[in-house]
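Enquirer: Sequence:
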Amino acid sequence: MRADADVRRLRRPRRPRSQLALVTADGDVLDLGSDRWWATPDRMERAILATLPDPVLDVGCGPGRIVTALAAAGRMALGVDPSPHAVDVAVRRRAPVLRRSVFGPLPGEGRWGSIVLLDGNVGIGGDAEALLRRCAALLRPGGHLVAELEPPSTPSGPVTVRLRAGEAAPTPWFRWARLAADVFPDVARVAGFGRAEVERTGGRWFGRGVRA
15 MRADADVRRL RRPRRPRSQL ALVTADGDVL DLGSDRWWAT PDRMERAILA
65 TLPDPVLDVG CGPGRIVTAL AAAGRMALGV DPSPHAVDVA VRRRAPVLRR
115 SVFGPLPGEG RWGSIVLLDG NVGIGGDAEA LLRRCAALLR PGGHLVAELE
165 PPSTPSGPVT VRLRAGEAAP TPWFRWARLA ADVFPDVARV AGFGRAEVER
215 TGGRWFGRGV RA
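Residue numbers are given in the numbering used here: position 151 of the sequence shown equals residue 165, and the series is strictly consecutive.
Hints listed in this document are in silico derivations from the structure and should not be mistaken for laboratory results. On a predicted model such as this, the values are computed, not experimentally measured, just so you know. Fair warning: there could be bad hints in the mix.
Said to hold, decoys possible - Pairwise CB distance ranges (calculated):
#1 G47 to A86: 18 to 24 angstroms
#2 G208 to E181: 45 to 51 angstroms
#3 D196 to W52: 37 to 43 angstroms
Each residue gets a CB set at the ideal place from its N, CA and C atoms; glycine is no exception.
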């Protein structure tokens, strides 16, 4: 999707992390965890990944930090991202990735053991419920979804945003979504997850859904 590509287009290691920002039409700055885009999974993330059944689908994989770590550990995993630049970087890191949108045809539909939506990717497409519904369709019964969320009481719903990076011209406006931790359980259940819960770890919020 165009929105996904706009976000990934500016994910380059030479850009100062402090100058990268996703800004709403109202002037709010959204945290995409851009300081982690080029880092390996930290101890907390590795602990979360260890709880997920294989095979794992990394949606919006970017340069492939999560899927690279999973593959290096001998796990069955695939990353998908519509950005040619992101996929090229991930391939050079020997990550198993495809240039695809999560909303398009994907291999193994209905048979994935887990899906991860980290680093702000729950916003992809501008409709969190639609994204979670699509993820539920990709998972096998009992499959797990882990999504990184915004803190409780954060306004949830679609937003219009653009990405700014230093002195570069900002991207065109596109649709994104915000999903707060206290809203996640209800949205996940409507989307097809029979069980949904939230936890705070290392100052970050994560939702886990188990497909019905």
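Enquirer: Next, verify each hint and record whether it holds.
Expert: Against the structure, the hints come out as follows:
{"no.": "1", "hint": "G47 to A86: 18 to 24 angstroms", "verdict": "holds (21 angstroms)"}
{"no.": "2", "hint": "G208 to E181: 45 to 51 angstroms", "verdict": "holds (48 angstroms)"}
{"no.": "3", "hint": "D196 to W52: 37 to 43 angstroms", "verdict": "violated (31 angstroms)"}
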